[in-house]
Amino acid sequence: MGKLQTLTNGIIKENPVLVLVLGTCPTLAVSTQASNAFGMGVAATAVLLGSNIVISLLRNVISEKVRIPCYIVTIATFVTLVQMVLNAYAYDIYKALGIYLPLIVVNCIILGRAEAFANKHSVLDSTLDAIGMGIGFTLTLFVMASIREIFGNGTWYGIEIPVLKDNHISILTMAPGGFFVFGCLIAAVNKWARHKPVKRDFDGGCETCPMAASCGGDKAQCEKEGVQV
Amino acid sequence: MSVKAIFAIILTAVFINNYVLQQFLGICPFLGVSKKFDSALGMSIAVIFVMLLATVVTYPIQHFVLDQNGLGYMQTIVFILVIAALVQLVEIVLKKHIPGLHASLGVYLPLITTNCAVLGVCIANVDNYIDAATFGAGYVQALANAFGSGVGFLMAMLLFSGIRARIEDNDAPPAFKGMPITLISAAILSVAFFGFAGVIENIFG
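These protein sequences, in sequence, are chains D and U. Going by my numbering, the first sequence opens with residue 1, and the numbers climb by one from there. Going by my numbering, the second sequence opens with residue 230, and the numbers climb by one from there.
In isolation and in its complexed conformation, chain D is listed as follows (with noise of 0.2 Å):
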């Protein structure tokens, strides 16, 4: 896979969240306002990319069986400092997202690339991995996030949209909002792939999958099923 592959392949072709659908939470979490999601987005590539060149850095090093917890460990120790970050630098961001920054730990795109890539890649294809991930959830964090903002509050970044102010659909803006927006965003992926089914990524194995437990990791029955997570 050349370099640039690497790098872009997860702004589109393998975009976290509308393809390998990972990461919902975060994402249906701060998509109210676009500076919340773009804040977000920026925080959780920072760990992804301190995460990724670490893991990618000790692959030889950690023993296949305590692999999980020491990603988990280490992926804790970048959410802490990034936590710290904020604090000092950006409070407001840091209020926005409240308890979602903490639960950057427990996002699945993160473990995902651990797993999936990290772990069996150079740094340099680590990182660049990092950066395309990481532009890729920003993005749709931050589409998402203008399209809630625009026509739930008719606002962005802070500037009142003349018509759309006086006439805003807040339900947007709540959780169902999130909902719907959510499966807008990847019907509308769908009709721009063609209707090709959009192949999950199996790279990872089904460690990446938090459905592996409940169907044994049966590989062809997930392809079979089309198992979407």
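Because the hints were derived from the structure by calculation, they are not lab data. Worth double-checking, as some hints may not be accurate.
Said to hold, decoys possible - Okay, the calculated beta carbon distance ranges per label pair: (1) U/I392 with D/L4: 51 to 57 Å; (2) U/F293 with D/I62: 31 to 37 Å; (3) D/L81 with U/N298: 19 to 25 Å; (4) U/N357 with D/T155: 40 to 46 Å; (5) D/Y89 with U/G301: 30 to 36 Å; (6) U/P402 with D/N87: 44 to 50 Å; (7) U/G365 with D/V123: 47 to 53 Å; (8) D/E64 with U/L387: 36 to 42 Å.
Where is the CB? At the ideal position from N, CA and C, for every residue including glycine.
Mind docking chain U on chain D? Use the hints.
For chain U alone, coordinates are given in the frame of chain D:
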């Protein structure tokens, strides 16, 4: 701490601040494991169990260890490790002593380690109920909230597994097949939960 207040906390967590439908925590299992009623039920019971257990352990850790030594910044790392270790421990104990329960819940336990609802409930309990002066009252409130959140998760999962069984055979537009139509059904279910807003204040207020 009156019984009434505890009931109010539980009902608020189940209906108004429903973890899945209003706060977007635990969406992965909600979308992934809700296809079959049986697996939805098993997963939810395991979640209630782990949420309670995690709160039982993490709340005292925050109160007696982290807060008193100025280690608040270690919260994220400590909590995730404690939860992961706890889940492993429970799995081992269940396997050895209660094989029947392990057979029905065991498969869901590893999934729960990285379930954001469990870590979320621990952090939210510490944020909302911790009180430096007294330990007992906050602890009871935290446990009530953990239980309510778990039951709310159970309710959302069971309702949604019923809905999914029906949309599975529906003739949705090709682009909407699968995940998109599932998400839009979740949106409608979430709207239904708005109906509960205000109910609790009127009952207990």
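Quick rundown of the hints versus the structure:
1. Separation of U/I392 from D/L4 is about 43 Å and departs from the stated range, judged on CB atoms against 51 to 57 Å.
2. Separation of U/F293 from D/I62 is about 32 Å and conforms to the stated range, judged on CB atoms against 31 to 37 Å.
3. Take D/L81 and U/N298: their Cβ atoms lie about 20 Å apart, and the range 19 to 25 Å holds.
4. Between U/N357 and D/T155 the beta carbon distance is about 29 Å. The supplied range of 40 to 46 Å is therefore violated.
5. D/Y89 and U/G301 have their C-beta atoms about 18 Å apart, which leaves the hinted 30 to 36 Å range violated.
6. Between U/P402 and D/N87 the Cβ separation comes to about 45 Å, which falls inside the hinted range of 44 to 50 Å.
7. A hinted range of 47 to 53 Å holds for the C-beta pair U/G365 and D/V123, which are about 51 Å apart.
8. For the pair D/E64 and U/L387, the supplied restraint of 36 to 42 Å holds, since their beta-carbon distance comes to about 37 Å.
Checked against the numbered hints listed earlier, the structure breaks hints 1, 4 and 5; every other hint is satisfied.
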